[in-house]
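Asker: Each chain, written out:
Number of protein chains: 4
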Amino acid sequence: MMIVMKEGASADEIAHVVERVESVGCTAHISEGELLTVIGAIGEREDRVADLGLEGTPGVDQVVPIMKPYKLASRQFKDGADSVLEIGGRKVGGTNFALMAGPCTVENRDQMLDSADAVAAAGATMLRGGAYKPRTSPYSFQGLGREGLRLLDEARERTGLPIVTELLDLRDIDDVVEVADVIQIGARNMQNYALLSEAGKSGKAVLLKRGLSATIEELLMASEYILKEGNENVMLCERGIRTYETAYRFTLDLLAVPALKEQTHLPVIIDPSHAPGRRDWVESMSLAAAAAGADGIIIEVHNEPEKAICDAAQQVPTTEFQQLTDKLETITSVVGKTISRG
Amino acid sequence: MMIVMKEGASADEIAHVVERVESVGCTAHISEGELLTVIGAIGEREDRVADLGLEGTPGVDQVVPIMKPYKLASRQFKDGADSVLEIGGRKVGGTNFALMAGPCTVENRDQMLDSADAVAAAGATMLRGGAYKPRTSPYSFQGLGREGLRLLDEARERTGLPIVTELLDLRDIDDVVEVADVIQIGARNMQNYALLSEAGKSGKAVLLKRGLSATIEELLMASEYILKEGNENVMLCERGIRTYETAYRFTLDLLAVPALKEQTHLPVIIDPSHAPGRRDWVESMSLAAAAAGADGIIIEVHNEPEKAICDAAQQVPTTEFQQLTDKLETITSVVGKTISRG
Amino acid sequence: MMIVMKEGASADEIAHVVERVESVGCTAHISEGELLTVIGAIGEREDRVADLGLEGTPGVDQVVPIMKPYKLASRQFKDGADSVLEIGGRKVGGTNFALMAGPCTVENRDQMLDSADAVAAAGATMLRGGAYKPRTSPYSFQGLGREGLRLLDEARERTGLPIVTELLDLRDIDDVVEVADVIQIGARNMQNYALLSEAGKSGKAVLLKRGLSATIEELLMASEYILKEGNENVMLCERGIRTYETAYRFTLDLLAVPALKEQTHLPVIIDPSHAPGRRDWVESMSLAAAAAGADGIIIEVHNEPEKAICDAAQQVPTTEFQQLTDKLETITSVVGKTISRG
Amino acid sequence: MMIVMKEGASADEIAHVVERVESVGCTAHISEGELLTVIGAIGEREDRVADLGLEGTPGVDQVVPIMKPYKLASRQFKDGADSVLEIGGRKVGGTNFALMAGPCTVENRDQMLDSADAVAAAGATMLRGGAYKPRTSPYSFQGLGREGLRLLDEARERTGLPIVTELLDLRDIDDVVEVADVIQIGARNMQNYALLSEAGKSGKAVLLKRGLSATIEELLMASEYILKEGNENVMLCERGIRTYETAYRFTLDLLAVPALKEQTHLPVIIDPSHAPGRRDWVESMSLAAAAAGADGIIIEVHNEPEKAICDAAQQVPTTEFQQLTDKLETITSVVGKTISRG
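Residue numbers (the working numbering), protein chains in the order written: chain A, 1 to 342; chain B, 1 to 342; chain C, 1 to 342; chain D, 1 to 342.
Because the hints were derived from the structure by calculation, they are not lab data. One should not assume that every hint holds.
No copy labels: a pair is met if it fits in one copy or bridges any two.
[To be verified] Pairs of lysine-lysine, DSS-like flavour, derived with a Cα cap of 27 Å:
#	residue 1	residue 2
1	327	91
2	228	327
3	228	91
Keep in mind that this is a model prediction, so the values were computed, not measured.
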């Protein structure tokens, strides 16, 4: 923590800050500049200095954190290497590009299996589908629940593809764990700490979506809640952030890819479907994600988009998925990656 | 829903949209302008048209929702009147200004009771204090839990003030309900639907905080999850939203006060503490909230701010609370309200 | 500037950074923490270190500015005192609350003079009105130009109120200077540096509006362009910033009031009209601005709002202006200010 | 314009709105739904209804614009085709990918010519370089001015590459026009209407950068100011928008590519340098831009980045530029484009 004093801060004000820093067992290094003084408290106990709440204290101009607040998620923790996860026989991370695809929601057996077949035929890495759906309105369809999980299980049996599916409510965790290869934690739940801890304990791989106004650092801190339970199989997912622009649902933040990869060893996945919210812009964002160096995408495809119950506008028809896969093949090769297959 | 067709949309494209609207049992009204056509589907089943996902359909320029998606929270639902809640003998809403105050976190008996005494002496409406704390870092203090609830109970006995305290995890609901007069749902949990429903079922009053990038409409939709359980005692709380500005923790959005009060009958409370994040700016925001027409504020005060464990910088010393209350008294009177007391 | 090195940065990387800091004539102070090293270069030449562009340099984690980049605008420059401007016999700043009011646009003689009379009768401090209008669309009405300036001049003659009017285009500066007591620089032009410098040289007082996504610091830097021309009569104006919320045109950022007043000696004015964009929410924001401690407001009022050419929805009828003034009188007194009159 | 009335709006309120719509010569189409009424006024005179300012009028819930406010920039204006500009013998738009590169600022003869040679050798489309620099601080280097223009002229002579350079101040337009093949209008000046009109009149091609919180629609409206002067050679440029994220300078909004290309016939260029603000992330964003379908990029490269005067951290060394060009070659081919060369 660097505590920057105001120009003209008095000796007493400086002494008071030093005293408070030392009161929590930290050493205060004083740097006197021509015009102002900076008090440094660098070390593992930076959080204690943060807890002092020195912002707004007389004579203090600003309090600047220096240490990263996350540990297990940091790239240093793996000595600079990338984590390569192994999920149902598929690799994610490093030079492997994970292509996860499937419908937004499990709707019925035909829809799920037809979509699954097309996804498998195009050579995807995993199959996605939601049995529990977080909905802004309590009056909207909330997912098939257990029946949806059963259909996902059948789709895996049939295609061999590992399953990615969302966990919304702690009370469903046993049911979800029985079927999921990857537990998805949605953007709205990124800071639902009870859910994060339990997903961590489940031992299943976790795909953690960035909250729609979460910073890079907050996403990493949220992953720390999972990692600290001893679960190393965590993927981070950017899915669009909230900005002032209303021409699309969310602004897809692809700069998060290089920024995250500098800070963390965890794989970084992009969801190219929710930000555009309409299928004709999804290919553009999928290719851009691959070119930006993402470790994979999770994309919504549907055998009959016009009949989709949920987020219909953004479901890409399975008939167009093969062509997208071909383009991704070329682009991932430019950035040194290959689509991961079983 | 109004579906605005592009200039030059073909007759076939228009017919296709009409057909899809009618396929879900809605009537499509066609308005042909000089340059483009608008297809209206106004009615209670607007959500069905929304589910069609017509965005990006050939010929469609934009899809504009017309109906409010919330029902029970809407001002019309109460025929234009304000809801006046009755909580532990205190009124909230209408001409009543609720002054809720207390420390961020329950830390120990002396701190809690001293703070409670000062809050009561200044004539506050309710007492706040957190026993469970949502923390960005898994390594931070997470609250005293049950012991904290016990101390809140004691503070109520002693002062007679109703208690506002946060519920974080469904598994703690029975403990919280035993002590709380008002269950607080924090900003991070605004769209934790399981938590909202259970808080609704608890029968306790609920203070629902706006998520840090939630729209006015999303806040109202979240309240709908509580209201639909038959619980009418809901207060909405603006506590600062996330913007690009880094000079403060959050941007306090006081325009939400008149905007919410136009749309809903529910009381609107302002949290003036978290956005500034430092105590010397809290009075300014408290007075502004009252002048803007808020139905109350929930403010963090502490008997010894420098020793506070959590959010220390923003705790207002109890010694300054009486003076703030006096100023609030004058300002609320200008806007036709009175501080609510037992 | 503090240059924070990554954990594990090599000795060579550290030496390279030190060398570069010294290459621009600055002294590098090295603080070695347990886990990482911070290199400080504190001093007046911080800008030179900034220009080195050390972000992304091998081993560098972050580069944190320490010094404020503005000088003349800083509170220290006036030894902590508030500037009190004197404009046409009216004081602005300190304990004086400036109430500036008038129509968005000068439309015709009757409208301007009727509005001016009502503003004067209610005891406002200054009269506002736009002769040149910045319009998003090239097809919209762009203002009466010189004829508008002439009518403003007549309104001043008649009421004695100083005139606030916007300068948009350098080529109009002589005309505007002839009439204006205060030159308004609009939000879109906050970083139009040529305009700022020339307004500075004009010797007239300047009301500088915050750009709609400008930070507090950028607003202060923009004022520095005016101040450095020797013009001390600058007022800063918050008028709503752009956020994700669509329920209003802009989000009025009242926290900017205490935040600016901590950093600068310049008066801080609030425009309560543009953020709501509708007249029934303007009173709420006007009162909130006064309660927050602003040094004044600049509000749009009109004798016949329904006939207004520009921003009609947000013009407050002059018939309601007296009542608003009365409420402001009480609220400003709570925060130790008085409406400034000639 | 669709005027959506509130549920329960009275017949008088509806009649009043209809009357006002008709008072400006528009026809009001009334659609009565089960719960509410919508009044449509669709047509070329929508702007007149907008000027009525019906927001906040009794009984009115919301006012929704239907028509696009831009005309010449719209895709319809070119019957759905892409504009292909011809600038100094290079094509921009359609299947042509424009690779514009060069230093942020012209610093001296060696720097400019060395950088220009490298840019030319790698097969770029145009050369960029700033002679006038917009700087947040009045104390920063403001560019070489005319001497910079002279060096750009020499670089063009030598390499044959067309020149892109920024115009900041109307008073420099004759000098800039003498040298520039493309006049760049920077983000801060996107709504400097005098500058836009004069750039339009100059007859030179214009690269218009999106303001850092401008919407897609506002960018198109700004281009309309140039187009209406009879200048068809306009390129739009996304360079990063301002969001809450502080891990990078700006958030690069690549969704703007498909969104703009749907609305306009004008070429869409991406600036991959300013948003990251550090060179090691620029390649990622350059490739992503190409994959997203952009019509070109404008990237900062420098022969000796460590010595750069301005934005040093983001200058890509010319030694790495050839490799980047090779990767762009492959990616543009996936999306059906080719790097444009003379």
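Asker: For every hint, state whether the structure bears it out.
Answerer: Against the structure, the hints come out as follows:
1. 327 - 91: both (21 Å within a copy, 25 Å between copies)
2. 228 - 327: neither (38 Å within a copy, 39 Å between copies)
3. 228 - 91: Classified as within: same-chain Cα gap 22 Å, cross-chain 45 Å, threshold 27 Å.
In the structure shown, a violation is registered for the earlier hint numbered 2 alone.
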